[in-house]
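Asks: Since the structure of chain A is already known, use the hints to place chain B on it.
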Amino acid sequence: MKSILSGLFTQSPFNQLQAHMAEVDKCTNLIRPMFNALAEGNHDEVKNIAKQVMFAEHEADVIKDKIRGTIHDSMFLPVDKKDLLRQLSAQDDIADAAEDVAVLVTIRHTSVPAFLKEDIFTYIDKCLEATTTAAKIVDELDEMVESSFGGLEARKVLELCDRTGELEFEADKLQYKLGQKMFLHEKEMDPVDIFMWFQLFKNIGELADASEMMAKRTRVFLIPT
Amino acid sequence: MDVMNIAFYTAIIVSIYMAWNIGANDVANAFGTSVGSKALTIVSAVAIAAVFEFAGAVLVGGRVTETISKGIIDIHMFDGHEHLFMWGMIAALVGAAIWINVATFFGWPVSTTHAIVGSVVGAGIVSGFWIGGNGLQMVSWGQLVPIVFSWIVSPVTGALLAFVVFLIVQKTFYQSNTPAENLKKYTPYMVFAVLVILALSVVYKGMKNVKLEVSFPVVLLVSVLVALAGALLTKYLVARFIDKSQTGTGIKTQFNQIETVFKYLQILTACYVAFAHGANDVANAVGPLAGIISVIETGAISAKSQVPMWALILGGGGIVLGLATYGYKVIDTIGKKITELTPTRGFSAEFGTATTVLVCSYMGLPISTTHTLVGAVIGVGFARGMANINGKIIRDILASWFITIPLSMIFTAIIFYLLIALFV
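Protein chains in written order, with the numbering used here: chain A, 1 to 225; chain B, 1 to 424.
In case anyone wonders, no lab produced these hints; they're calculated from the structure. A quick note: this is a predicted structure, and the numbers were derived from the prediction, not measured. Treat the hints with care, as some may be off.
[Unchecked claim] On the chain B side, residues computed to face chain A include the following (Cβ under 10 Å):
1. N29
2. F173
3. E259
4. I334
5. I338
6. R384
7. N388
8. K392
9. I394
Quick reminder that beta carbons are idealized off the backbone N, C-alpha and C, glycines included.
In isolation and in its complexed conformation, chain A is listed as follows (with noise of 0.2 Å):
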């Protein structure tokens, strides 16, 4: 005999959200190594780490298509359908600019500049505090759900959104002093190391964009009171 009950419930597509932020996470959480290797000039480890990264981005996409493929019209959901699809696709972006950084750093061996390195580090730790705090965010979707998506869990993750918009913007400060300085400096660098930093900035700032892009879509989820 079979309970009735046991038909009523799918998979939560919540739990299936976080289980692809975790993937996301994953890539982020190589930028900083992969920049430290490419720091030291170590470019097989550089080559690893961004392998790595593909790699991660590759399963996030598995996941994504299997939550696409179980969204169909006869679910409840406490959320809006559509907007439970923007909220995956605005994490996937997260992992696809990911991919592009490691696929920018590995396309040449491009070098750090000494008088640029610290900077740099500050603008890459910057853009993943943003990652990172799209991944909490996400982490807070199954109490989100517990609470209805109100309340103080709704103020908590609100707080989050505003903070990964902060964020952004500081990360968009630090881009564009980057920038100065290193066109200070430009007839000291190699001309193609400028385009390739100059991408690599634009490219990890996206990094920051796409995670303010996802809280911004969390957000409609919460009706806070």
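Replies: What follows is chain B alone, placed relative to chain A:
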């Protein structure tokens, strides 16, 4: 053995079998989640369920029984054909039981209530043709309208009640600024409310059935006193629990405290469901039996005869038997598999279910407890309380309505013709 004895014992055996079916599956739904959250062990869950099921069946069960046995078929058409009626009821029991077994084998969400109503209608139609008239005239179609209507209304009512209860839980605890403080403050009131309703329904209707006339003010007083005692005890226990477990005031800790408190409140609503279920569903097993008994005892089908107490006890016992021999298995699976129905969700859904089922029982409407529970869970979902509900189940339930009734009618008709050929 004469024909009457054969009829009598067959009826009893099939009734017990129906009751077994009811006990094996339906009740388990309410207690499974309590076992899953470790608020109850499986043995104590089965024991508590058995007590409340039995109490519900014996104390309140009579009303719906009469509707099934006599309301659906126009009994005056049977004047002079009382034996036909008796065999018809036996065929109805066998037909419904066979269909339920087939359905549960395939895992379809059918309702024992709908099966027995379909079967009784089938028996009525066959009798009509046998007597030599229009079979369709045997069935009181007018009587069926409120019954069928209630099948639709009961899940909706369950959903509505569960929605409201969950909204209250949500606003009072999950979405407040001080969940732990509110637990201390408001839990006693919730216990009071549940206990008053439970005690009122046990005492008010129940005492009449066991031939103890108590006036309503006395009943009310007793219920309020019981509920008050429960509320005071809750106040003390919750306060002690919150103060002792003050390991942190983070949101997560407070959410865990809410679920822990509701783990125990859910036992209360599970008892409430068991009681309501016993009251409503025992009729599916003893309804036709009651008709048979009145033919055997008086030789006539009397419209007003009481359902004998021993028949209700037999039905209640059968349900308990089903619980003890198979229900524990269902409880075990649900407890492990259905983690979605957390204590606060379970509390709301079960409260909505039990209240709906009990009200329908008092009105003499045979409704499906399981379908009402599904409706209630969806109601919690509408309050944004569930992560994901599979809407396909609604389609399955609708399909089972359209399949159960005709098929149990057909099964009954075949068996009825066989019995007529053999005994009439």
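Asks: Does each hint hold? Answer for all of them.
Replies: Verification of the hints:
1. N29: holds (5 Å)
2. F173: Interface hint status for F173 of chain B: holds (9 Å vs cutoff 10 Å).
3. E259: Since chain A brings a Cβ to about 8 Å from E259 of chain B, closer than 10 Å, the hint holds.
4. I334: Given a least distance of 6 Å, the restraint on I334 of chain B holds.
5. I338: Hint on I338 of chain B: holds, closest Cβ of chain A at ~6 Å, below 10 Å.
6. R384: holds (4 Å)
7. N388: holds (5 Å)
8. K392: holds (5 Å)
9. I394: At 8 Å from the nearest chain A Cβ, I394 of chain B passes the 10 Å test, so the hint holds.
In summary, this structure violates none of the numbered hints.
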